[in-house]
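Sequence lines, in order, name chains A and B.
Adding 1273 to a residue's 1-based position in the first sequence gives its number in this note's numbering.
Adding 13 to a residue's 1-based position in the second sequence gives its number in this note's numbering.
Everything labelled a hint here was simulated from the structure, so no lab data went into it.
Don't take each hint at face value.
To be verified - Pair by pair, the computed Cβ-Cβ distance ranges are:
no., chain 1, residue 1, chain 2, residue 2, range
1, A, Thr1379, B, Asn64, 33 to 43 Å
2, B, Asp76, A, Arg1353, 21 to 31 Å
3, A, Gln1339, B, Met28, 24 to 34 Å
As the list claims (entries may be wrong) - Some chain B residues close to chain A (C-beta under 10 Å, calculated; not the full set):
no., residue
4, Leu58
5, Asp76
6, Phe78
7, Ala80
8, Pro83
9, Leu118
10, Thr127
Think of the CB as a built atom: it goes at the ideal place given N, C-alpha and C, for glycine as much as any other residue.
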Amino acid sequence: KNEVEQSPQNLTAQEGEFITINCSYSVGISALHWLQQHPGGGIVSLFMLSSGKKKHGRLIATINIQEKHSSLHITASHPRDSAVYICAVRSDTGNQFYFGTGTSLTVIP
Amino acid sequence: DAGVIQSPRHEVTEMGQEVTLRCKPISGHNSLFWYRQTMMRGLELLIYFNNNVPIDDSGMPEDRFSAKMPNASFSTLKIQPSEPRDSAVYFCASSLELAGGHGELFFGEGSRLTVL
């Protein structure tokens, strides 16, 4: 049983397209993180959310606590956005992290 | 800011050997996390320290794994004896957590361990 489910697993898009990655979770959470992992392997935190919506540049993250669902949107996608995007939730006890299996995004020029 | 610093970046060792991975968190951060990433299991939290105290080590696979944080600027993850199934990338992350809230995670570059 996976506490965090992401979809899609793989996504190929043309440059400029609008992209949505979804994350559903089944546990009570105190925070949800969207992480980006590039082919070189390093991990960067994009967003930490506990409610509502956040925006950084072309990236937007939303969360619906009642529905236990979050989305990551990329507007005007670019080849440099190609990476694996990982959804992670922190349990409401604060001590456990659960990770999605990641969405592998490829943006074609 | 130098970010989270991990060493070594790569380690190849033989089964049965002791492995020590090191992490220097961002100065001023009070929480430190050790994660492991494998193809089969993805990312997993191994242990979480807050103010140098281990808060949750339920993710540590077995007694062969141990982690310490002797001070706010240094942590180690030790595997003794190592086994081939320990081969993975080990990430350290730190954050600043204030009362009632969680902080943004900052990850190190990871230590890629191969146990032959």
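To see whether the hints hold, each was checked on the structure:
Here the CB-CB span from threonine 1379 of chain A to asparagine 64 of chain B is close to 42 Å, well matched to the stated 33 to 43 Å. The hinted range of 21 to 31 Å is not satisfied by aspartate 76 of chain B and arginine 1353 of chain A, whose Cβ atoms lie roughly 43 Å apart. With their beta carbons about 49 Å apart, glutamine 1339 of chain A and methionine 28 of chain B fall outside the hinted range of 24 to 34 Å. Checking leucine 58 of chain B against chain A by beta carbon gives a least distance of about 4 Å; that is within 10 Å, so the hint holds.
Interface hint status for aspartate 76 of chain B: violated, as the beta-carbon distance to the closest one in chain A is roughly 20 Å, over 10 Å. Because the beta carbon of phenylalanine 78 of chain B sits about 17 Å from the nearest beta carbon in chain A, more than 10 Å, this interface hint is broken. The interface hint given for alanine 80 of chain B is violated, since its Cβ lies 15 Å from the closest Cβ of chain A, which is over the 10 Å cut-off. Look at proline 83 of chain B: its Cβ only gets to about 21 Å from chain A, farther than 10 Å, so that hint breaks.
A distance limit of 10 Å between C-beta atoms decides the matter here; for leucine 118 of chain B the minimum to chain A is near 5 Å, and the interface restraint holds. With 10 Å as the threshold, the beta carbon of threonine 127 of chain B stays out of range of chain A, its nearest partner Cβ sitting at about 14 Å, so the hint is violated.
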